[in-house]
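**Student:** Residues per chain, in single letters:
Number of protein chains: 2
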Amino acid sequence: MSDLTLIKKHYSFGGTTEFYSHQSSEIKSEMKFSVIRPKAALQNPNNKYPAVLWLSGLTCTEENFVAKAGAQRYADQYESFVFCPDTSPRGFDFNGEHDSYDFGSGAGFYLDATERPWDQNYRMQSYLIKDFLKLIGSEFPVDSKAIAISGHSMGGHGALTLGIKYPELFSRVVAFSPIVNPINGPWGQKAFTNYLGQDVENWKKYDACELILEQGYSKKIVIFQGSADEFLEKELLTDNFVKACDKKKVQLDLRICDGFDHSYYFISSYISEIFKNS
Amino acid sequence: MSDLTLIKKHYSFGGTTEFYSHQSSEIKSEMKFSVIRPKAALQNPNNKYPAVLWLSGLTCTEENFVAKAGAQRYADQYESFVFCPDTSPRGFDFNGEHDSYDFGSGAGFYLDATERPWDQNYRMQSYLIKDFLKLIGSEFPVDSKAIAISGHSMGGHGALTLGIKYPELFSRVVAFSPIVNPINGPWGQKAFTNYLGQDVENWKKYDACELILEQGYSKKIVIFQGSADEFLEKELLTDNFVKACDKKKVQLDLRICDGFDHSYYFISSYISEIFKNS
Numbered sequence: 003m004s005d006l007t008l009i010k011k012h013y014s015f016g017g018t019t020e021f022y023s024h025q026s027s028e029i030k031s032e033m034k035f036s037v038i039r040p041k042a043a044l045q046n047p048n049n050k051y052p053a054v055l056w057l058s059g060l061t062c063t064e065e066n067f068v069a070k071a072g073a074q075r076y077a078d079q080y081e082s083f084v085f086c087p088d089t090s091p092r093g094f095d096f097n098g099e100h101d102s103y104d105f106g107s108g109a110g111f112y113l114d115a116t117e118r119p120w121d122q123n124y125r126m127q128s129y130l131i132k133d134f135l136k137l138i139g140s141e142f143p144v145d146s147k148a149i150a151i152s153g154h155s156m157g158g159h160g161a162l163t164l165g166i167k168y169p170e171l172f173s174r175v176v177a178f179s180p181i182v183n184p185i186n187g188p189w190g191q192k193a194f195t196n197y198l199g200q201d202v203e204n205w206k207k208y209d210a211c212e213l214i215l216e217q218g219y220s221k222k223i224v225i226f227q228g229s230a231d232e233f234l235e236k237e238l239l240t241d242n243f244v245k246a247c248d249k250k251k252v253q254l255d256l257r258i259c260d261g262f263d264h265s266y267y268f269i270s271s272y273i274s275e276i277f278k279n280s
Numbered sequence: 003m004s005d006l007t008l009i010k011k012h013y014s015f016g017g018t019t020e021f022y023s024h025q026s027s028e029i030k031s032e033m034k035f036s037v038i039r040p041k042a043a044l045q046n047p048n049n050k051y052p053a054v055l056w057l058s059g060l061t062c063t064e065e066n067f068v069a070k071a072g073a074q075r076y077a078d079q080y081e082s083f084v085f086c087p088d089t090s091p092r093g094f095d096f097n098g099e100h101d102s103y104d105f106g107s108g109a110g111f112y113l114d115a116t117e118r119p120w121d122q123n124y125r126m127q128s129y130l131i132k133d134f135l136k137l138i139g140s141e142f143p144v145d146s147k148a149i150a151i152s153g154h155s156m157g158g159h160g161a162l163t164l165g166i167k168y169p170e171l172f173s174r175v176v177a178f179s180p181i182v183n184p185i186n187g188p189w190g191q192k193a194f195t196n197y198l199g200q201d202v203e204n205w206k207k208y209d210a211c212e213l214i215l216e217q218g219y220s221k222k223i224v225i226f227q228g229s230a231d232e233f234l235e236k237e238l239l240t241d242n243f244v245k246a247c248d249k250k251k252v253q254l255d256l257r258i259c260d261g262f263d264h265s266y267y268f269i270s271s272y273i274s275e276i277f278k279n280s
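As given, the protein sequences belong to chains R and D, one line each in that order. Under our numbering, residues 3 to 280 are what the first sequence spells out, in order. Under our numbering, residues 3 to 280 are what the second sequence spells out, in order.
Just so you know, the hints here were simulated from the structure itself, not pulled from any lab data. Note that this is a predicted model, so its numbers are computed, not measured. Treat the hints loosely; a few may be bogus.
Identical copies look the same in the list; a pair holds intra-copy or inter-copy alike.
[To be verified] Under the rule of at most 30 angstroms between Cα atoms (straight-line distance), these lysine-lysine pairs were calculated in the BS3-like manner: (1) K11 / K278; (2) K11 / K236; (3) K207 / K245; (4) K41 / K278; (5) K136 / K11; (6) K250 / K222; (7) K236 / K10; (8) K30 / K136.
Please model the complete structure; the sequences and the hints are all you need to start from.
**Tutor:** Here is the structure:
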C-alpha cells in the first residue's frame, strides 16, 4: 500500500514532471519531492530505468531543479528518471528555523542533526538513505544498481558526502559547484555548529575532503565548477578537494567551466552530463 | 550614447544571458529586459543575427522566460538572439495597480491605455514598437528584417496582435497558449475595461480574432496549444481564432500538443520551435 500522494503532473517533452508528498518516518513529517519520468518509462513502464538523485542547494525546494535546469529533454534522451527531494524538513517552527537562508528550513545540509531541537527531525541523511531510496525502489521502475547522485552547492556537498559514504548505493557521483570542505567555510561552520554541536570531530563525517582522507573512494568523482563562481574562494573551497583526492589517489574529473557562475544558468548549461556514464 | 545599464550577465551554454535596464520615453520610467546572446554573436560580434522578441504572460517579469524555458541551447544552435521585455510598467503606485495578478503591474496586455491614470504610462504597445525595437537595432547586432515575435498566454496575445498589426516589423509569429480573443474572456474584459474604457469598439484593435477579421494577414501564423490547458475554454478561446483565420483564408498552423498544460513545462518542451522558419 503506497503512502504517495500525487500533487500535480505536467507533461514535459516526451515524459512527465510529477510532484508528490509522502510521510517520512525519519523526518516524522510530510516531505515533498519531484520526479522526471522519461518518455521511455511511459512507453514501457515494466522495464527498469537508471535514475539520478538530485540534491538542491540552499533555499531550494523540490521544484527549483525541475523548473530551471532543463533536464527533461536529456532524461528522455538517456531514458533516465530524476528524483528531486526537498532540501530540509518542513512544517516545523523551531526557534530560528526560518530566520536565515543558510540554516534551518531550506538548508538541511543532508546530515543527521545531533543537537536539540533539530535532532528529532533534521535527519536528511537518514531520510534519503533509508526512506527515500526505499520509496524510489518500491514506487518507480528504477534499476537500484544504476542510481547516480548529483546536486548543486549544498546539494553538491550532499552528493559528494553520501556518494562517498555509500558507494554501494550510488553508481556515480557528479557534483555541481559543491561545498567540498564545509568545516572550513562559513556556511558549513554555521550549520554544523547548530546541527552537530561544537566538536569539530563530529563534523568530519559530513565533510567531503575529510571523508576522502579518511576512507578514500574507488570510483571516479566528477565535479563541474564555474571559474567565475562568486562562492568559490570563500565557501566551496574546490582546491582542498583536489588536494585530498591527490593525496588518496582518488580519480577526480574536475571540469572547470570558464566564465560560468553559481547560478542555474550554469547548471542548465551542463546538466546533460549528469546522465552520462563516461 | 547608450542609455543601457547592464544589471548582470551569466554565461549560459556557449553564449550569455544578460539583464539590462533603460529609460523608456513611452513608459516614462525605467524598464528592464533580458537578452540571450548566442555563442555565434560572441565569436563574431560584427555579423548580424536573427532575433526572437518574447512576450511573457501574466505575473511574469523579464526573468521568467530566460530562467525556465531552456531556450539558450537552441539560441546557440540557431544563432539567434532572444529579447524578453517586462510585462508591464514598474515603479508606479496607482490605485489598484498591485492588487491582482491579472491587472496592473505584471499585466500590461501589450496595449496603449486610454483611461486615466493608466494612459500616461501603461503604453506597452508603443514601448515595444517604438522604444524597444529601436533599442534592439541600435544596441545589438540584430538583422531587423529577421525579428520573430513570440510569447505565452497574455504574451501570446501580444505576439499575435503586434505581429498581425506590424507585419513589416516581425518576420514570423509563433504564439504559445495565446489569449486569442480577449474581448470575450474574463482576463481580457477586466483589463480592457480598465485600460481602454467601456466601449468595446475600442478593444478590437487589441483582439487577435478581430484583427484577422478586419485586416487579414498574408503570412503563416503558428500556434502551440496544450490540449490539457486549464485556461483553454474560458480564457484562451483558441477555436475562435481558427474560425477567424478560416473565414479570412489566413494560413494558421495550429499545433495541438496532446496532454500538455499551460505551464513552463509545456513552453520548454516546444521552445525550439520559436527559432524555426518552417
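**Student:** Now, for every hint given, state plainly whether the structure supports it.
**Tutor:** Taking the hints in turn, this is what the structure says about them:
1. K11 / K278: both (26 angstroms within a copy, 29 angstroms between copies)
2. K11 / K236: Classified as between; 21 angstroms across copies, 39 angstroms inside a copy.
3. K207 / K245: Result: close within a single copy only, 18 angstroms intra versus 66 angstroms inter.
4. K41 / K278: Answer is both: 18 angstroms inside a copy and 24 angstroms across each meet the 30 angstroms cutoff.
5. K136 / K11: within (22 angstroms within a copy, 42 angstroms between copies)
6. K250 / K222: within (12 angstroms within a copy, 63 angstroms between copies)
7. K236 / K10: Only across copies: K236 and K10 sit 21 angstroms apart there, 39 angstroms inside one copy, limit 30 angstroms.
8. K30 / K136: within (16 angstroms within a copy, 58 angstroms between copies)
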